[in-house]
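Trainee: Next come the chains, spelled out residue by residue.
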Amino acid sequence: KNQVEQSPQSLIILEGKNCTLQCNYTVSPFSNLRWYKQDTGRGPVSLTIMTFSENTKSNGRYTATLDADTKQSSLHITASQLSDSASYICVVSGGSWGKFQFGAGTQVVVTP
Amino acid sequence: DTGVSQDPRHKITKRGQNVTFRCDPISEHNRLYWYRQTLGQGPEFLTYFQNEAQLEKSRLLSDRFSAERPKGSFSTLEIQRTEQGDSAMYLCASSWGPDTGYTFGSGTRLTVV
Numbered sequence: 123k124n125q126v127e128q129s130p131q132s133l134i135i136l137e138g139k140n141c142t143l144q145c146n147y148t149v150s151p152f153s154n155l156r157w158y159k160q161d162t163g164r165g166p167v168s169l170t171i172m173t174f175s176e177n178t179k180s181n182g183r184y185t186a187t188l189d190a191d192t193k194q195s196s197l198h199i200t201a202s203q204l205s206d207s208a209s210y211i212c213v214v215s216g217g218s219w220g221k222f223q224f225g226a227g228t229q230v231v232v233t234p
Numbered sequence: 066d067t068g069v070s071q072d073p074r075h076k077i078t079k080r081g082q083n084v085t086f087r088c089d090p091i092s093e094h095n096r097l098y099w100y101r102q103t104l105g106q107g108p109e110f111l112t113y114f115q116n117e118a119q120l121e122k123s124r125l126l127s128d129r130f131s132a133e134r135p136k137g138s139f140s141t142l143e144i145q146r147t148e149q150g151d152s153a154m155y156l157c158a159s160s161w162g163p164d165t166g167y168t169f170g171s172g173t174r175l176t177v178v
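Sequence lines, in order, name chains A and B. Under the numbering used here, the letters of the first sequence match residues 123 to 234, in that order. Under the numbering used here, the letters of the second sequence match residues 66 to 178, in that order.
In case anyone wonders, no lab produced these hints; they're calculated from the structure. The beta-carbon is built from N, C-alpha and C at its ideal position, and this holds for glycine as well. Be aware that one or more of the hints could be misleading.
To be verified - With the C-beta cut set under 8 Å, the calculated list includes, among others, these residues of chain B facing chain A:
1) G81
2) Q106
3) G107
4) R124
5) F130
6) L156
7) Y167
8) G170
9) S171
10) G172
With the sequences and hints as input, model every part of the structure.
Mentor: Printed below as a string of structure tokens:
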């Protein structure tokens, strides 16, 4: 069973609207959680990274939250733009060498 | 360019042929990772190097797959006797330490026909 579960699997939103993506994990021990944006045919690009003690972190219109007690994270996209269309992947790090566990990603499509 | 470079970007090969991909990590990074990603899925871990030592290999890495990082800098991933199921994006990433910046390359898209 995947230790990082993302929801929804995909979503379509209108340009200018907000959306929130979810990530639940069971990885233990926990080191940090990252959100990546992956455009089609490209490698993932880091958006945010949060450690155990951080609850929220922003990167422009992207805001990530982390609840280490419930092992949940969210990524909020504000005022979506067409360029936000991509897959958003949640990655949780833990273990002796920082082994990364990947979620399957949420495919976001922003329409005009 | 200070990012992670992968070559080639695309590779089309006939079933049964051997292919080799190259990854040049960020020069200061001592850790290098290979992942495989199929359409609609997140990356799956293949193998991990710390300097030139290959410290872990996934069971996904069958005996047809081999990876090297001979001088602790660039790495190669070779697939022998390719099968159609090997068609995927092969991603390389590098980092300095387990909890620091983890940078991906743009990947090599392999198509086995």
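Trainee: Give a verdict on every hint.
Mentor: Hints, one by one, checked against the model:
| no. | hint | in the structure |
| --- | --- | --- |
| 1 | G81 | 26 Å, violated |
| 2 | Q106 | 6 Å, holds |
| 3 | G107 | 4 Å, holds |
| 4 | R124 | 14 Å, violated |
| 5 | F130 | 19 Å, violated |
| 6 | L156 | 6 Å, holds |
| 7 | Y167 | 7 Å, holds |
| 8 | G170 | 5 Å, holds |
| 9 | S171 | 5 Å, holds |
| 10 | G172 | 5 Å, holds |
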